[in-house]
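**Student:** In the order they appear, the protein sequences are chains A and B. For the first sequence, the tail end lands on 656 under this note's numbering, and the numbers increase by one without skipping. For the second sequence, the tail end lands on 656 under this note's numbering, and the numbers increase by one without skipping.
Derived by calculation from the structure, the hints in this document are not laboratory data. Everything hinted at is true.
Same chains, same label: a pair holds when it works inside one copy or across any pair of copies.
No farther apart than 20 Å at their CA atoms in a straight line, the calculated lysine to any residue pairs in the SDA-like style are these:
(1) LYS254 - SER368
(2) LYS645 - ASP567
(3) LYS365 - GLN336
(4) LYS307 - PRO496
(5) LYS621 - ASP611
(6) LYS615 - ARG359
(7) LYS307 - SER269
(8) LYS645 - THR530
(9) LYS645 - GLN566
(10) LYS645 - THR394
(11) LYS615 - VAL356
(12) LYS621 - GLN534
(13) LYS645 - ARG531
(14) LYS250 - VAL606
(15) LYS254 - ALA382
(16) LYS250 - LEU609
(17) LYS307 - PRO265
(18) LYS307 - LEU332
(19) LYS250 - ALA385
(20) LYS250 - VAL356
(21) LYS250 - ASP567
(22) LYS254 - ALA374
This one's a predicted model, so the numbers in the text were calculated from it and none came from an experiment.
Spelled out from the first residue to the last, the chains are:
Number of protein chains: 2
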Amino acid sequence: MSVTQPLGFRAAGLAAGIKPSGKPDLCLIARDQPAPGSATPHTAGSAMSFTTNAVVGAPIIIGQRTRAEVLSARQKPVAAIFINAGNSNAATGQQGVLDALACCQALAPLLGITPEEVLPSSTGVIGRPLPVAKMLSAIPTLARQLARGSAADAAAAGAIMTTDLAPKSALARVHINGREITIGAIAKGSGMIAPRLDTSADRPPVPSATMLAFITTDAPIDSTNLQAALDACCQDSFNRISVDNHPSCSDTVAVLSSGQAGGEPIVAGTPAFTQFTAALATLCRDLAEQIVVDGEGATRIFQATVRGAATDDAATRIAREIINSPLVKCAIHGQDPNWGRIVTAGGNAGVRFDPAHASLSIGPVEVYRAGVPVVAALTDPRLKHAMAGKRVEVVMTVGTGPGQAWMLGCDLSKQYVFINAEYTT
Amino acid sequence: MSVTQPLGFRAAGLAAGIKPSGKPDLCLIARDQPAPGSATPHTAGSAMSFTTNAVVGAPIIIGQRTRAEVLSARQKPVAAIFINAGNSNAATGQQGVLDALACCQALAPLLGITPEEVLPSSTGVIGRPLPVAKMLSAIPTLARQLARGSAADAAAAGAIMTTDLAPKSALARVHINGREITIGAIAKGSGMIAPRLDTSADRPPVPSATMLAFITTDAPIDSTNLQAALDACCQDSFNRISVDNHPSCSDTVAVLSSGQAGGEPIVAGTPAFTQFTAALATLCRDLAEQIVVDGEGATRIFQATVRGAATDDAATRIAREIINSPLVKCAIHGQDPNWGRIVTAGGNAGVRFDPAHASLSIGPVEVYRAGVPVVAALTDPRLKHAMAGKRVEVVMTVGTGPGQAWMLGCDLSKQYVFINAEYTT
Chain A
232 MSVTQPLGFR
242 AAGLAAGIKP
252 SGKPDLCLIA
262 RDQPAPGSAT
272 PHTAGSAMSF
282 TTNAVVGAPI
292 IIGQRTRAEV
302 LSARQKPVAA
312 IFINAGNSNA
322 ATGQQGVLDA
332 LACCQALAPL
342 LGITPEEVLP
352 SSTGVIGRPL
362 PVAKMLSAIP
372 TLARQLARGS
382 AADAAAAGAI
392 MTTDLAPKSA
402 LARVHINGRE
412 ITIGAIAKGS
422 GMIAPRLDTS
432 ADRPPVPSAT
442 MLAFITTDAP
452 IDSTNLQAAL
462 DACCQDSFNR
472 ISVDNHPSCS
482 DTVAVLSSGQ
492 AGGEPIVAGT
502 PAFTQFTAAL
512 ATLCRDLAEQ
522 IVVDGEGATR
532 IFQATVRGAA
542 TDDAATRIAR
552 EIINSPLVKC
562 AIHGQDPNWG
572 RIVTAGGNAG
582 VRFDPAHASL
592 SIGPVEVYRA
602 GVPVVAALTD
612 PRLKHAMAGK
622 RVEVVMTVGT
632 GPGQAWMLGC
642 DLSKQYVFIN
652 AEYTT
Chain B
232 MSVTQPLGFR
242 AAGLAAGIKP
252 SGKPDLCLIA
262 RDQPAPGSAT
272 PHTAGSAMSF
282 TTNAVVGAPI
292 IIGQRTRAEV
302 LSARQKPVAA
312 IFINAGNSNA
322 ATGQQGVLDA
332 LACCQALAPL
342 LGITPEEVLP
352 SSTGVIGRPL
362 PVAKMLSAIP
372 TLARQLARGS
382 AADAAAAGAI
392 MTTDLAPKSA
402 LARVHINGRE
412 ITIGAIAKGS
422 GMIAPRLDTS
432 ADRPPVPSAT
442 MLAFITTDAP
452 IDSTNLQAAL
462 DACCQDSFNR
472 ISVDNHPSCS
482 DTVAVLSSGQ
492 AGGEPIVAGT
502 PAFTQFTAAL
512 ATLCRDLAEQ
522 IVVDGEGATR
532 IFQATVRGAA
542 TDDAATRIAR
552 EIINSPLVKC
562 AIHGQDPNWG
572 RIVTAGGNAG
582 VRFDPAHASL
592 SIGPVEVYRA
602 GVPVVAALTD
612 PRLKHAMAGK
622 RVEVVMTVGT
632 GPGQAWMLGC
642 DLSKQYVFIN
652 AEYTT
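Please take these sequences and the hints and turn them into a complete structure.
**Tutor:** As structure tokens, then:
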């Protein structure tokens with residue numbers, strides 16, 4: 232139960248023949264349109280965040296423009312998200328943009344909306360022409376299959392998968408102003424996962440990765456406030472995970488609101504907004520963790536928490552080095568408490584700290600304290616137990632500053648190499 | 232033939248029992264001391280570069296101090312380098328420094344020098360106490376075994392290896408001012424390789440990795456000029472390689488000069504200095520490439536060249552993202568021309584460029600031109616041939632700027648995971 236649980240949404244998924252495997256590869260999520268001549272429309276909106284890669288897929292180029300138009304009220308919010316797997320429509324130049332727009336144009340009249348209200352999204356192989364003909368011929372069926380319920384949710388979640396072993400979805404319910412608000416979501420991940428979504432005002436160029444997450448809610452919240460909520464959530468969820476530290480050209484998180492739960496519009500600065508954002512953040516962290524758990528070849532996940540840095544940003548940089556080090560990832564895979572790799576990975580973030588004030592714990596066991604090894608730790612049975620878990624937690628302290636942060640990664644296995652040495656060709 | 236080929240140097244290597252395997256693990260390289268009462272001593276010097284990791288081994292702490300003292304002429308140049316493998320003496324706090332100094336103190340009188348003239352260097356497991364007793368008991372034998380010739384060179388090169396499959400050495404000869412100058416070197420690498428040696432004046436904190444290189448020369452060059460030559464060489468050799476993008480706490484390059492080739496001292500700003508630096512740079516690049524070829528689990532190497540960036544630094548950042556992406560490394564391993572991974576890796580360097588002006592070639596085949604795929608490329612037999620080579624070369628153009636750079640990496644294999652999931656414990 233996911234994207235069609237909130238009131239006002241339907242979804243569908245089918246196989247259009249984009250993937251050579253013949254598995255489902257086309258997904259549609261659509262907000263119901265008000266009946267002609269109906270009373271006051273609900274407060275509906277859309278919000279989205281995209282990869283910060285300098286090379287972006289055609290759908291991102293379209294989506295960035297759509298977001299700007301929607302936030303400046305020159306255009307209605309996105310009403311439908313049209314996703315294909317198997318082809319990322321990236322590094323495809325102007326033709327890629329035309330191909331994506333052709334799909335939006337074919338789909339829009341079937342939903343009673345304009346092409347500009349359709350957000351395209353693509354994931355898969357890079358640099359191949361989008362198989363538009365296959366997609367156009369599948370669009371009428373896809374639109375016809377739009378439905379509510381668990382079968383529709385499952386079809387949608389399945390059709391956006393690439394190397395994912397499991398579909399990913401989440402559901403949250405929260406009471407705001409006496410109304411029950413539902414938030415549903417589907418996501419895909421697995422490879423090219425290290426999202427750095429553009430959530431700040433200036434949207435700076437930083438590393439990014441392909442992760443897709445599509446969220447629906449019946450909360451009454453317009454695009455501007457929904458974007459503010461999403462920006463606040465991405466930084467502490469999707470932007471804190473990495474499978475392979477390789478940013479994709481297609482990372483996308485999009486949220487649609489229908490307003491059908493009713494009640495007063497939710498606006499930034501109010502307790503209602505805080506409640507809504509908290510629920511959205513929890514859901515985003517849930518999705519983010521599901522993505523890491525199903526990271527390509529992953530057998531266990533590990534969280535690095537860094538404390539005592541000068542700033543949260545410095546702590547984030549240190550934590551990111553730790554979870555992305557291949558040596559650390561292999562040690563986690565081998566259940567090897569080789570903590571020197573963790574400490575030296577942390578030392579490579581371009582952040583100065585004094586090892587004499589640095590410490591490291593693995594699970595409940597402090598292995599390094601104030602710059603020297605805790606010799607007894609290596610024979611502590613709790614250390615072996617902590618390393619053997621499906622989720623390993625390490626905490627590195629680098630000083631006495633107020634900055635702290637966490638990042639979530641996964642181990643590096645032979646299976647990762649197997650998957651990625653034999654993909655595409 | 233390596234470090235004892237230049238006039239005025241001897242070397243030795245033996246097994247002191249530091250490595251559990253019982254393999255050689257103790258190495259000594261020493262400059263001959265002038266006979267008591269001898270005439271004008273030759274122009275001799277020492278220079279060194281160290282990791283920029285925030286967490287450094289005890290030998291680095293000592294070496295940084297030594298360098299500063301030598302360059303300010305408060306102390307004589309380094310006359311001997313004492314290296315152990317099997318234990319990095321890092322994350323060992325003040326005791327680690329005392330342990331290293333104890334070794335220097337035991338060794339110095341045997342060589343007729345002061346303890347300050349001994350540069351210690353360590354590589355191996357992090358966070359374990361240095362086995363000083365074993366080292367002290369081996370030191371007299373080590374000093375006694377100092378010799379010239381290929382056996383001594385081989386013993387020295389073998390004793391600094393860790394997970395290296397092959398010993399690494401290099402030799403260069405250059406005629407300067409009518410004199411034949413010889414430069415010899417040994418090195419080790421294999422894992423924790425992505426050196427960012429401190430070569431600029433302010434020695435900034437940037438990521439770093441364990442690579443050791445020890446160079447001797449009979450050129451007449453003092454410490455100040457030798458340091459200038461080394462700084463110029465490291466940036467375009469060791470600092471351009473990466474095996475695993477994990478900076479070590481122990482990276483060290485050290486050069487000793489004996490001056491025994493005779494002739495006028497070589498000073499910066501002269502043609503002689505330019506000639507010497509060019510020869511040293513070629514030797515350093517040779518060593519750097521040997522290290523990548525023998526990177527843990529590596530089956531082939533690949534060079535990413537980036538052109539058309541605004542600055543060389545921007546080009547370096549893009550090239551570094553390309554060679555360090557696990558997805559790219561796996562594609563290289565699998566001989567898979569999945570160039571979308573290369574282009575998107577390049578897009579993640581935090582450097583803005585317009586994909587419409589970006590192109591990529593793999594070997595002689597352009598696969599991506601001005602932002603669009605070159606469709607015919609994928610069936611070009613030269614592409615398959617280029618991917619199958621032991622050295623894959625990719626060139627990415629990102630615009631029309633003057634900035635360019637290259638980085639050299641290796642593929643990511645299952646063997647890498649095998650090696651690193653089962654090291655130490």
